[in-house]
Amino acid sequence: MDIGELAKKLAEKYGYHVYMIERYLELFGKEGTIEFLEANEKGLNPVIRCNTLKISVESLRNRLVKKGFVLRKVPWIDYAFQVIKSPFSLGSTTEYLLGYYYVHRGMGSLLPVHALDPKPGEIIIDAAAAPGGKTSQMAQLMKNKGVILAVDISRERMKSLRSNLSRLGVENVIAYRMDARDLPKFDIKVDKILLDAPCTGEGLIPIDKSRKKSRLIEDIKYCSTLQFSMLTALLKCLKKEGILVYSTCSIAPEENELVIHRVLERFPLSVEKMDLKDGLPGFTEFFGYKVRDEIREARRFYPHIHGTEGFFICKLRLREELNDNI
Amino acid sequence: MIIFRKATKKEIVKIQKALNEWAGKNIYKELTSGRVVIIGEGRIKEVFLVPVEVYNILDKTKKVRMPYYLGLFLGEINGEFKISLEGLWLISKYSRERGVVVSEKGEQLFLYGRDILEESIIKVGSLVQIGSKVIVFNKFYEPLGLGMIMKFSDKLTEQPKTIIKNILDRGWYLRKGR
Numbered sequence: 000m001d002i003g004e005l006a007k008k009l010a011e012k013y014g015y016h017v018y019m020i021e022r023y024l025e026l027f028g029k030e031g032t033i034e035f036l037e038a039n040e041k042g043l044n045p046v047i048r049c050n051t052l053k054i055s056v057e058s059l060r061n062r063l064v065k066k067g068f069v070l071r072k073v074p075w076i077d078y079a080f081q082v083i084k085s086p087f088s089l090g091s092t093t094e095y096l097l098g099y100y101y102v103h104r105g106m107g108s109l110l111p112v113h114a115l116d117p118k119p120g121e122i123i124i125d126a127a128a129a130p131g132g133k134t135s136q137m138a139q140l141m142k143n144k145g146v147i148l149a150v151d152i153s154r155e156r157m158k159s160l161r162s163n164l165s166r167l168g169v170e171n172v173i174a175y176r177m178d179a180r181d182l183p184k185f186d187i188k189v190d191k192i193l194l195d196a197p198c199t200g201e202g203l204i205p206i207d208k209s210r211k212k213s214r215l216i217e218d219i220k221y222c223s224t225l226q227f228s229m230l231t232a233l234l235k236c237l238k239k240e241g242i243l244v245y246s247t248c249s250i251a252p253e254e255n256e257l258v259i260h261r262v263l264e265r266f267p268l269s270v271e272k273m274d275l276k277d278g279l280p281g282f283t284e285f286f287g288y289k290v291r292d293e294i295r296e297a298r299r300f301y302p303h304i305h306g307t308e309g310f311f312i313c314k315l316r317l318r319e320e321l322n323d324n325i
Numbered sequence: 000m001i002i003f004r005k006a007t008k009k010e011i012v013k014i015q016k017a018l019n020e021w022a023g024k025n026i027y028k029e030l031t032s033g034r035v036v037i038i039g040e041g042r043i044k045e046v047f048l049v050p051v052e053v054y055n056i057l058d059k060t061k062k063v064r065m066p067y068y069l070g071l072f073l074g075e076i077n078g079e080f081k082i083s084l085e086g087l088w089l090i091s092k093y094s095r096e097r098g099v100v101v102s103e104k105g106e107q108l109f110l111y112g113r114d115i116l117e118e119s120i121i122k123v124g125s126l127v128q129i130g131s132k133v134i135v136f137n138k139f140y141e142p143l144g145l146g147m148i149m150k151f152s153d154k155l156t157e158q159p160k161t162i163i164k165n166i167l168d169r170g171w172y173l174r175k176g177r
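Line by line, the protein sequences are chains V and A.
By numbering that gives the first Met the number 0, the letter at position 32 of the first sequence is numbered 31, and the numbering carries on one by one without gaps.
By numbering that gives the first Met the number 0, the letter at position 118 of the second sequence is numbered 117, and the numbering carries on one by one without gaps.
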């Protein structure tokens with residue numbers, strides 16, 4: 000069976016656009032594609048992140064276990080648990096309402112902040128912050144010391160951000176509803192930036208099956224352009240030697256490696272190694288593109304290999320401060 | 000648009016009085032140490048406790064754009080100062096005697112927005128008076144919200160009964176805060 004026929008067959012069986020399957024076959028091969036599609040069908044266990052600003056990990060675990068929850072420690076983060084069984088809705092327990100934990104849809108969304116490694120006293124931008132999961136994870140690692148500028152453009156999602164930060168007792172945030180590309184107007188230079196960029200969300204299919212059919216190839220191009228323009232603007236807000244972590248929940252290389260390649264070509268940046276025990280290297284060749292070798296240091300996560308959402312993370316260091324004219 | 004500015008002396012007096020009343024002692028200084036009291040003035044006046052480092056960023060950026068939110072939401076001023084859920088969290092360790100402890104059943108009902116009946120009240124703080132606002136605690140002394148303690152006459156038994164009317168509870172985060 001040729002690739003076109005196989006793609007059509009798999010697209011029909013699993014309910015995807017044909018173009019998506021054709022791309023998976025090229026990236027992962029036949030076996031890898033089938034494993035990926037099967038893993039997407041299974042879904043993911045939600046993850047709770049203990050809010051150490053309010054309670055210790057041990058106390059929270061004991062309280063939830065006593066209520067009948069079955070929890071499994073996330074292997075590489077000592078303050079988070081996968082929820083294997085929950086007798087109640089995760090968003091309705093007293094512990095949730097008291098702000099003792101935040102619910103993540105999968106383990107992948109904990110990784111970007113882990114890679115950023117925020118420290119107390121730093122000034123950090125969270126450039127696509129709502130509904131506040133990553134912002135609050137940063138705040139707890141910073142012990143509420145330093146400043147997080149949390150930015151998002153969506154009015155509705157900003158309400159959720161405010162509610163989440165309040166519930167979790169986060170204090171060190173100043174939140175703006177604005178386009179992150181306007182941040183250079185503030186004329187401030189920060190230590191670190193997290194851009195968990197708006198994307199096609201192809202990696203979220205295990206959680207949201209509607210994404211099998213909701214995006215077209217044109218959406219990948221649109222997102223890639225948006226991601227590059229956001230990155231370009233944000234780099235102007237970074238101090239010399241400052242760190243920017245770029246992540247998406249898309250597995251499309253055009254939204255990931257290609258965006259990184261374009262900023263590496265234009266700005267004085269280096270790709271940093273990350274303290275992540277898992278993940279596959281970033282692609283250096285795909286769909287006829289060849290990108291810089293150092294992008295190998297980026298990490299890719301997949302549901303069929305790592306049990307996470309599909310995720311991409313890359314850590315960049317700015318070697319020279321940029322001025323507004325660049 | 001909401002304008003964020005430092006609280007005026009008059010506003011600070013109002014906030015200080017309310018917080019100190021809850022604690023039965025002067026806690027204002029301790030609560031505001033290393034923080035600035037900021038008012039977000041729009042249709043209503045919201046009060047935020049803002050760490051000095053965050054305030055410095057506000058000061059630098061507000062000419063370009065006002066923030067949406069910052070620091071910790073302490074409450075609002077609408078005539079008098081009304082404390083928020085996170086404000087209650089901050090003062091709760093000082094205010095046990097102005098609170099009541101409720102049973103697990105009472106806790107669940109209260110977090111669903113319901114009032115608390117006498118049979119769910121386990122302990123009443125020494126400074127609680129009928130007709131006063133009280134902090135509602137669970138058995139771990141975790142603040143679940145705010146209520147008003149009242150007496151009423153039971154229609155069936157004609158016996159006086161105590162009830163805690165729900166004013167504000169953390170179930171808000173589930174019902175409205177998403």
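By construction, these hints were calculated from the structure, which means they are not laboratory data.
Just so you know, these numbers come straight off a predicted model, no measurement behind them.
Virtual Cβ for every residue (Gly too), placed ideally from N, Cα, C.
There could be a bad hint or two in this list.
In the DSS-like style, the derived pairs of lysine-lysine whose C-alpha atoms are separated by at most 27 Å in a straight line are [stated by the list, open to error]: (1) A/K104 with V/K184; (2) A/K81 with V/K235; (3) A/K62 with V/K239; (4) A/K61 with V/K118; (5) A/K138 with V/K158; (6) A/K5 with V/K144; (7) A/K24 with V/K66; (8) A/K59 with V/K53; (9) A/K28 with V/K53; (10) A/K122 with V/K144; (11) A/K61 with V/K53; (12) A/K138 with V/K238; (13) V/K65 with A/K160; (14) V/K84 with A/K104; (15) V/K66 with A/K62; (16) A/K61 with V/K239; (17) V/K184 with A/K8; (18) V/K239 with A/K5; (19) V/K158 with A/K104; (20) A/K61 with V/K142; (21) V/K142 with A/K122; (22) A/K28 with V/K235; (23) V/K184 with A/K61; (24) V/K65 with A/K104; (25) A/K5 with V/K66; (26) V/K65 with A/K59; (27) A/K5 with V/K188; (28) V/K142 with A/K104.
Facing chain A, from chain V, some residues (calculated, C-beta under 8 Å) [to be verified]: (29) L89; (30) S91; (31) I173; (32) P280.
Checked hints:
Between A/K104 and V/K184, the direct Cα distance comes to roughly 53 Å. Violation of the 27 Å bound is thereby established for this hinted pair. For a cut-off of 27 Å, the pair hint linking A/K81 to V/K235 is broken: about 42 Å separates their Cα positions. Between A/K62 and V/K239 the CA atoms are separated by roughly 25 Å; this keeps the pair inside 27 Å, and the hint holds. Distance check on the hinted pair: A/K61 and V/K118 sit about 25 Å apart at the alpha-carbon level, within 27 Å; holds.
A hinted pair counts as satisfied when its Cα atoms are at most 27 Å apart, and A/K138 with V/K158 does not qualify at roughly 31 Å. Simply put, A/K5 and V/K144 have alpha-carbon atoms about 21 Å apart, close enough for the 27 Å limit, and the pair holds. The hinted pair formed by A/K24 and V/K66 fails the criterion: a straight-line CA distance of about 37 Å is larger than 27 Å. For the hint linking A/K59 to V/K53, the alpha-carbon distance of about 30 Å lies beyond 27 Å, and the restraint is violated.
Annotation: proposed proximity of A/K28 to V/K53 holds, straight-line Cα distance about 22 Å (limit 27 Å). Using a Cα cut-off of 27 Å, the hinted pair A/K122 and V/K144 is violated, with the two alpha carbons roughly 37 Å apart. For the proposed pair A/K61 and V/K53, the alpha carbon gap of about 30 Å is over 27 Å, so the pair is violated. At roughly 49 Å between alpha-carbon atoms, A/K138 and V/K238 are farther apart than 27 Å, so this suggested pair is violated.
For the proposed pair V/K65 and A/K160, the alpha carbon gap of about 34 Å is over 27 Å, so the pair is violated. About 23 Å separates the Cα atoms of V/K84 and A/K104, which keeps this hinted pair within 27 Å; it holds. Only pairs whose Cα atoms come within 27 Å are accepted, and V/K66 paired with A/K62 is rejected, the gap being roughly 50 Å. Among the hinted pairs, A/K61 with V/K239 is consistent with the structure: their alpha-carbon atoms are about 25 Å apart, no more than 27 Å.
At most 27 Å may separate the alpha-carbon atoms for a hinted pair to count; V/K184 and A/K8 exceed this at roughly 33 Å. Of the supplied pair hints, the one linking V/K239 and A/K5 is violated, its CA atoms being roughly 33 Å apart against a limit of 27 Å. Distance check on the hinted pair: V/K158 and A/K104 sit about 31 Å apart at the alpha-carbon level, beyond 27 Å; violated. As the CA atoms of A/K61 and V/K142 are separated by approximately 25 Å, the hinted pair is consistent with the 27 Å bound.
Among the hinted pairs, V/K142 with A/K122 is inconsistent with the structure: their alpha-carbon atoms are about 34 Å apart, more than 27 Å. For the hint linking A/K28 to V/K235, the alpha-carbon distance of about 39 Å lies beyond 27 Å, and the restraint is violated. At roughly 11 Å between alpha-carbon atoms, V/K184 and A/K61 fall within 27 Å of each other, so this suggested pair holds. With a C-alpha separation of about 17 Å, the suggested pairing of V/K65 with A/K104 holds against the 27 Å cut-off.
Between A/K5 and V/K66 the alpha-carbon distance is near 44 Å, which puts this suggested pair outside the 27 Å criterion. For a cut-off of 27 Å, the pair hint linking V/K65 to A/K59 is broken: about 48 Å separates their Cα positions. Distance restraint check for A/K5 and V/K188: the Cα-Cα separation of roughly 25 Å lies within the 27 Å cut-off, and the hinted pair is therefore satisfied. The straight-line distance between the Cα atoms of V/K142 and A/K104 is roughly 34 Å, outside the 27 Å bound, and the hint therefore fails.
Among the interface hints, the one on V/L89 is violated; its C-beta lies about 11 Å from the nearest C-beta in chain A, farther than the 8 Å criterion. Annotation: V/S91 was flagged as interfacial toward chain A, and the flag holds, the nearest CB pair being 6 Å apart, inside 8 Å. Given the 8 Å rule on beta carbons, the hint for V/I173 holds: about 4 Å separates it from the nearest Cβ of chain A. Interface hint status for V/P280: violated, as the beta-carbon distance to the closest one in chain A is roughly 37 Å, over 8 Å.
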